[in-house]
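There are 4 protein chains.
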Amino acid sequence: MANFGGHAIPGTFFLLYGFWLTVKHVLQHYWRTSQPKGRQVMPPFFKRMDYAEGGVKIFASFVGIMVEQFVVDGPHARLYDRENTSWVKLMNWQHSTMYLFFGISGMALIASTAVRAVPLGVDRLALSFALFIEGFLFMYHVHGRQPLDAHIHTLLLFAVFAGSAGTMLEVFIRNNLILELFRADMFILQGSWFYQIGVVLYPLTGDKWDLNQHDNMMFVTMCFAWHLALSLFLVSCTAFLVWFTTTRFSEKGRDIEIGMRIASSKTSSQKALLEESDEE
Amino acid sequence: MANFGGHAIPGTFFLLYGFWLTVKHVLQHYWRTSQPKGRQVMPPFFKRMDYAEGGVKIFASFVGIMVEQFVVDGPHARLYDRENTSWVKLMNWQHSTMYLFFGISGMALIASTAVRAVPLGVDRLALSFALFIEGFLFMYHVHGRQPLDAHIHTLLLFAVFAGSAGTMLEVFIRNNLILELFRADMFILQGSWFYQIGVVLYPLTGDKWDLNQHDNMMFVTMCFAWHLALSLFLVSCTAFLVWFTTTRFSEKGRDIEIGMRIASSKTSSQKALLEESDEE
Amino acid sequence: MANFGGHAIPGTFFLLYGFWLTVKHVLQHYWRTSQPKGRQVMPPFFKRMDYAEGGVKIFASFVGIMVEQFVVDGPHARLYDRENTSWVKLMNWQHSTMYLFFGISGMALIASTAVRAVPLGVDRLALSFALFIEGFLFMYHVHGRQPLDAHIHTLLLFAVFAGSAGTMLEVFIRNNLILELFRADMFILQGSWFYQIGVVLYPLTGDKWDLNQHDNMMFVTMCFAWHLALSLFLVSCTAFLVWFTTTRFSEKGRDIEIGMRIASSKTSSQKALLEESDEE
Amino acid sequence: MANFGGHAIPGTFFLLYGFWLTVKHVLQHYWRTSQPKGRQVMPPFFKRMDYAEGGVKIFASFVGIMVEQFVVDGPHARLYDRENTSWVKLMNWQHSTMYLFFGISGMALIASTAVRAVPLGVDRLALSFALFIEGFLFMYHVHGRQPLDAHIHTLLLFAVFAGSAGTMLEVFIRNNLILELFRADMFILQGSWFYQIGVVLYPLTGDKWDLNQHDNMMFVTMCFAWHLALSLFLVSCTAFLVWFTTTRFSEKGRDIEIGMRIASSKTSSQKALLEESDEE
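Chains as they are written, first to last, in my numbering: chain A, 353 to 632; chain B, 353 to 632; chain C, 353 to 632; chain D, 353 to 632.
Keep in mind that the hints are not guaranteed to be accurate.
Heads up, the list lumps identical chains together, so a pair's fine if it works in one copy or across two of them.
Stated by the list, open to error - Within a straight-line C-alpha distance of at most 25 Å, the following computed DMTMM-like cross-link-like pairs (lysine to aspartate or glutamate) qualify: (1) Lys399 <-> Asp425; (2) Lys441 <-> Asp567; (3) Lys399 <-> Glu603; (4) Lys441 <-> Asp501; (5) Lys560 <-> Asp402; (6) Lys399 <-> Asp433; (7) Lys399 <-> Asp501; (8) Lys560 <-> Glu522; (9) Lys560 <-> Asp433; (10) Lys441 <-> Glu405; (11) Lys376 <-> Asp425; (12) Lys441 <-> Asp559; (13) Lys399 <-> Asp562; (14) Lys560 <-> Asp501; (15) Lys376 <-> Glu405; (16) Lys376 <-> Asp501; (17) Lys441 <-> Glu603; (18) Lys399 <-> Glu522.
Source of the hints: derived by calculation from the structure; they are not laboratory data.
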């Protein structure tokens, strides 16, 4: 992974996952707030979204582990080299471990969606663990590197551990849109910061950054704040777009629904429905 | 900003903002506790206060960014100097970044006041982010300075991060007067501490402080506790004054209101209203 | 304070305060659980306890400040010595500052008991601040001392900050006996640890402890755990005694009450009352 | 304890305790969710489980303390050696202290099960204290050891303090299966990590690990993540097995129960019961 591509690929995945989470949770929130209090059973559409998300996570983690193990200079599933009495390619093994935990979080998502006996929040706990393990391994990873290299990875840890803490909170505080979008935002921030790490450590243009200059560290710190601002902007825009589109479509849908009901039976419930649509 | 004025100006802003928050939240609390449970819709007066607050924040942030960029020795919106291969005036860029996040918190306040679909608490989250970014940038700012300079800025971080944590809590615990006044208090503490930093690092009288003396650090630590006591005193007095004035005025107002109601229709609800005013 | 007595006096105060809190909160808890749900207004007896506690706190803090300032070798309210350009007796000033905050917490307790408009929890917030400031000043106090001296004060911080955090939680979680007894326990632990500090740093028997020996630090760490066990034992015994005594007395009282009621009017409510007393 | 067995014995205890907790809490959860809302009194079976758990804890702690004190090279209850002016076998005293707190948590469990006046959550608070003291003593234990030895014990602290924090949360959030299984998981993780420490520091095969090699530390960090994954797997499997078995058995039981009720009285409540069993 010690090249630009090795940072761009996970960055892209995290970015996409962040956007997916934004869309999913805004849709769920719209559904929650627009339903009358009586019918609170999630429609099967949301279940299918969760199955898809879990499946993609498991698949991507599996592919990630395979690639880390069986690339040309990978460990090929060998952990210890008895001849040289040394560990084989620990970096690849560490990345495999990170993928493993994201795979576990995918399994937890599918299990908690499919099986009613699995307590609510298990999926969030598993995701929180996955982020924690990612941060935990990165943390001990960073020792003894050059200052800027260490610093830029330390900044990544802010996004990772904040995401882990926020997701842990979601185990207890369910259906809170702010927490859900915070999670999405931390994934987007993480994704865009992976790109930034790639740009700084493996610049495409050839000009190498001085990894010991104090001004570079000051800039990178500030740059992290800009990435945060950018990620907030992206999440807000996406959420607005999804909300706007959904409201438009569902208003049309509801007009039709109401129309049909009026046609079939002019009951008193019709008034309540009209009032409901006025409120929004 | 490396002079007394550069610390007095933000200090004044933070002080004024702290007092504004105290007044606003005591008024809101009075309104919340004095309303009968039926009519819980915020009167438009409070909405207008929030619009004003958000507008001032956005405007002040914009002015702040412009000043930091286009003062005589500012970076003039240039970030990197290719000739000297060095960053241009990173300090001014960092301050601009801090202002940017306070501007964002102003936008979030206006958005969450104006648009019903924006979830409650987004304004607090944005303010918490603004304080976090302020503390985050200051934290990495401080490395390698002289002991007293580093220490006095570290103490500022207590006020900043405590404010950020308290504001984050408000995302989940709404309408809690203690948390709201805690936030106001942390802004006042921050403001008065900015003045203290100015006094210590750029004394107006000419006697320079010894930035390496251990006793000076001990004094400054204690002085921070005194500022906290002072800020608690100021918030309490302001809150008392606002509460006292409001109670006086609204009692008169209610007497008139009740009088009119009695005149127009002697209903049974009158008794309830009288009992209610007795209770307070 | 640099002698055994200077540690024994605050230690005694904290111990007594811890026991007082245990008694007070067990009584309040008994009252809360034994009342039928209808009458939830605190009896005036508890109000008087809080007034007394607040008054003693303010008085003791005032005396403490006076003593620290006007003992023979105290600063006599002089802060800065212009002749020697040095601060005067900062240690005494720091202790005065700590007392000041405990005085403030006393005022907050009286204010929140007497004035209904003061929001619930202000007294806990002020006490949490007092403990925080105590720990905060001790923390920066400790730098540059000999290892065992620094370590034994660092251990004190565990009790102080744990107490502060627990008391802060009580702002939000009211009437939770466990949190209330935790607070009492931390005060008792603090008090007994003050004695331990006195014994180690200013031994009465003359044998000085080696302040650099690693084994002494190991022992002191373990000793802190023993103090915790002791404080838990003391709080449990006190709580049990208070509960046992109260139950005994109030059962007698209630039998008489019920007896009188039966005599005056044999109503159906009598049965409910009897059932209630059976349940306990 | 400086040998493999000295790590395997506590490891085995923690592993067994983790599995016991998993079984106990899944059974309790099953019971909670399957009961109709009316009858919420815990059946005596669960009380007996808690008595047994508390009794075993007290007994095991007592035996542990005795062994630590009276093994051949133990301190034999002597704390200070006046002749050599040194502490006697502080390591054994520290382990005794840890056992003492687990014994206290056993007493708290029995007290809170047997006596109704003991507030709910006291058992969790005491267990949280026991874990905290374990971590607290280990923390100061580790100073000045060789890098790998220090690191492998530091990793243990993650499991210990996470367990302590989660158990503390349970004082406030009762009957949350996720928190309960988290606690069980942290005990299993701790237990298996004790084995790992034994394997690394006192290898059975003779090949000593190089305690200064950086790669060994990287491997051990990753290995901790694998132990976490393993513990999650073990808890999930155990929980699934217990749930599956219980559902099977209780379905049979309920069918019989329903059958008898139908036979004795064909009431309308029968329909409700059938619906209830359909739902699961």
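Structure-based check of all given hints:
1. Lys399 <-> Asp425: This pair counts as neither: shortest intra-copy Cα distance 40 Å, inter-copy 58 Å.
2. Lys441 <-> Asp567: between (34 Å within a copy, 10 Å between copies)
3. Lys399 <-> Glu603: within (23 Å within a copy, 28 Å between copies)
4. Lys441 <-> Asp501: Both, since 20 Å and 23 Å are each at most 25 Å.
5. Lys560 <-> Asp402: neither (43 Å within a copy, 48 Å between copies)
6. Lys399 <-> Asp433: neither (46 Å within a copy, 53 Å between copies)
7. Lys399 <-> Asp501: Neither: 42 Å inside a copy, 47 Å across copies.
8. Lys560 <-> Glu522: neither (42 Å within a copy, 44 Å between copies)
9. Lys560 <-> Asp433: Between. Shortest inter-copy distance 16 Å satisfies the 25 Å Cα cut-off; intra-copy 35 Å does not.
10. Lys441 <-> Glu405: Cα proximity of Lys441 and Glu405: none, with 31 Å in one copy and 45 Å across.
11. Lys376 <-> Asp425: Neither, since 38 Å and 48 Å both go past 25 Å.
12. Lys441 <-> Asp559: Intra 29 Å, inter 21 Å, cutoff 25 Å: inter-copy only.
13. Lys399 <-> Asp562: neither (49 Å within a copy, 51 Å between copies)
14. Lys560 <-> Asp501: Classified as within: same-chain Cα gap 12 Å, cross-chain 33 Å, threshold 25 Å.
15. Lys376 <-> Glu405: Answer is within: at 10 Å inside a copy they meet the 25 Å cutoff, but 33 Å across does not.
16. Lys376 <-> Asp501: Intra 35 Å, inter 46 Å, cutoff 25 Å: neither.
17. Lys441 <-> Glu603: Close neither inside one copy (57 Å) nor across copies (52 Å); limit 25 Å.
18. Lys399 <-> Glu522: within (18 Å within a copy, 30 Å between copies)
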